[in-house]
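Sequences and hints are given; from them, build the entire structure.
Chains H and Y are the protein sequences, given in the same order.
Under the working numbering, think of the first position of the first sequence as 1, with each following residue one higher.
Under the working numbering, think of the first position of the second sequence as 114, with each following residue one higher.
The set of hints was computed from the structure by calculation and includes no laboratory data.
Predicted model, so just to flag it, every value in this text is computed and none were measured.
In silico lysine to aspartate or glutamate, EDC-like type, Cα no more than 20 Å apart, as pairs:
id	chain 1	residue 1	chain 2	residue 2
1	Y	215	H	59
2	Y	215	H	56
3	H	44	H	59
4	Y	190	Y	121
5	Y	169	H	100
6	Y	165	Y	182
7	Y	215	H	38
8	H	9	H	73
9	H	44	Y	115
10	H	44	Y	121
11	H	9	H	72
12	Y	181	Y	167
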Amino acid sequence: NAGVTQTPKFRILKIGQSMTLQCTQDMNHNYMYWYRQDPGMGLKLIYYSVGAGITDKGEVPNGYNVSRSTTEDFPLRLELAAPSQTSVYFCASSYGGSAETQYFGPGTRLLVL
Amino acid sequence: GDSVTQMEGPVTLSEEAFLTINCTYTATGYPSLFWYVQYPGEGLQLLLKATKADDKGSNKGFEATYRKETTSFHLEKGSVQVSDSAVYFCALIRGYGGATNKLIFGTGTLLAVQP
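Shown next as structure tokens:
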């Protein structure tokens with residue numbers, strides 16, 4: 001199993017541009033998550049999904065959108081990039097909620113200039 | 114709301130030294146508690162977890178005990194190695210209600226082990 005994969009690894013965007021961060025998992029997990037990690041801070045939950053067709057907001061959803069059309073994929077969309085979205089983005093998945101282990105991808109480093 | 118507080122780093126130790134990273138939490142009910150580790154340039158990996166009071170999680174020589182009376186989950190290791198250098202995150206998931214799948218993270222503690 002590849003686990004959780006993310007693309008791209010690194011991207012530079014100009015203010016106002018759009019992009020999609022891709023996330024795929026091959027573990028048949030129901031739950032998927034997007035986090036952002038800012039320097040010196042813990043991870044903050046952006047959006048999550050408990051199954052295909054179901055998504056919900058986390059702590060910091062503003063400026064982002066998600067969709068979950070399949071079990072495997074959970075893309076994160078930035079519509080109008082802003083410097084405040086400069087961060088490292090991690091996708092994660094788990095079989096269930098609660099005490100289930102979340103498995104993280106390697107991250108996407110995004111710089112908005 | 115729920116929160117996790119962990120000691121600020123960086124923590125710098127010599128190889129074979131004893132490690133403690135403090136973590137305390139605030140949460141309603143009975144959360145599950147986790148330690149995740151992030152090696153340089155990588156995503157987070159689960160290090161250990163505990164799901165109820167007095168449980169001890171352990172892995173790779175690391176241990177942490179779920180102390181409900183002190184709302185703590187301190188991470189310990191008896192003898193650290195250079196390869197343990199990483200950022201360590203304490204986290205919780207609420208045990209009930211609509212947030213049972215949302216990890217709440219502390220800010221992370223950087224551990225640097227010198228040979």
